[in-house]
Amino acid sequence: AQSVSQHNHHVILSEAASLELGCNYSYGGTVNLFWYVQYPGQHLQLLLKYFSGDPLVKGIKGFEAEFIKSKFSFNLRKPSVQWSDTAEYFCAVNALEGNEKLTFGTGTRLTIIP
Amino acid sequence: DAGITQSPRHKVTETGTPVTLRCHQTENHRYMYWYRQDPGHGLRLIHYSYGVKDTDKGEVSDGYSVSRSKTEDFLLTLESATSSQTSVYFCAISESEGSRADTQYFGPGTRLTVL
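So the protein sequences, as listed, match chains A and B.
All letters in the first sequence, in the order written, are residues 428 to 541 by our numbering.
All letters in the second sequence, in the order written, are residues 681 to 795 by our numbering.
Keep in mind the hints are simulated off the structure, nothing from the lab.
These numbers were taken from a predicted model, which means no experiment stands behind them.
Take the hints with a grain of salt, since some may be wrong.
[Unchecked claim] Listed next, the in silico EDC-like pairs over lysine to aspartate or glutamate satisfying Cα-Cα at most 20 Å (straight line): (1) A:K528 / B:E775; (2) B:K737 / B:D718; (3) B:K737 / A:E515; (4) A:K476 / B:E775; (5) B:K737 / A:D512.
[To be verified] Have a look at the derived ranges for each label pair, beta carbon to beta carbon: (6) B:G731 / A:S441: 36 to 42 Å; (7) B:P719 / A:I495: 28 to 34 Å; (8) A:E491 / B:S747: 37 to 43 Å; (9) A:T457 / B:T706: 28 to 34 Å; (10) A:K485 / B:S747: 36 to 42 Å; (11) B:S749 / A:I495: 21 to 27 Å; (12) B:T757 / A:E524: 38 to 44 Å; (13) B:K691 / A:W510: 28 to 34 Å; (14) B:E694 / A:E447: 30 to 36 Å.
Beta carbons: idealized from backbone N, C-alpha and C, even for Gly.
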């Protein structure tokens, strides 16, 4: 069965710092990859997704993620964070073979200090 | 945002009582899902539906049942609520699954407290 690991549970950064959140998955076949963001008290919103093609994916609000197949990774990056990026970030993977469902990581809480 | 509503948004109930949560979509998407969100666990799939009257179990289905009598509505029932079912419940929808096109969109959530 597929699994997703987000090793950073809580990240604290100052405004304008660069961000990288790790995401690793276990499935060896073809996958769809997602990053969702959940602002305090709100529902999950899609930040970006990778289906195929260019492994560097750009999403909303200046976020991007790079799919590195050899490392089973899909790390999220932003060159300069803002206070408004304070939220919880979830990586998710969906294998395209078998009957696997979308599997989420446990999330990374990001706190931006003004 | 996708047209997904959940009701109620907040509910407090007592152990042993039945509870039904409703998810309503206006997107006419075929697939609907129920997740629960708990600290340290992320989101875990409870049940999902791939069409009217077509449902299946997810990772954490014990103690929950679902029904889908119309494309737009997906109901989650806790037959006899327990304190371990205190959680935030999210509904999600997607147009397809197992393809290069599927993306799930989430509703606003229901916060359920079982005393």
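Going through the earlier hints one by one, which of them does the structure break, listed in rising order? 3, 5, 6, 11, 12, 14
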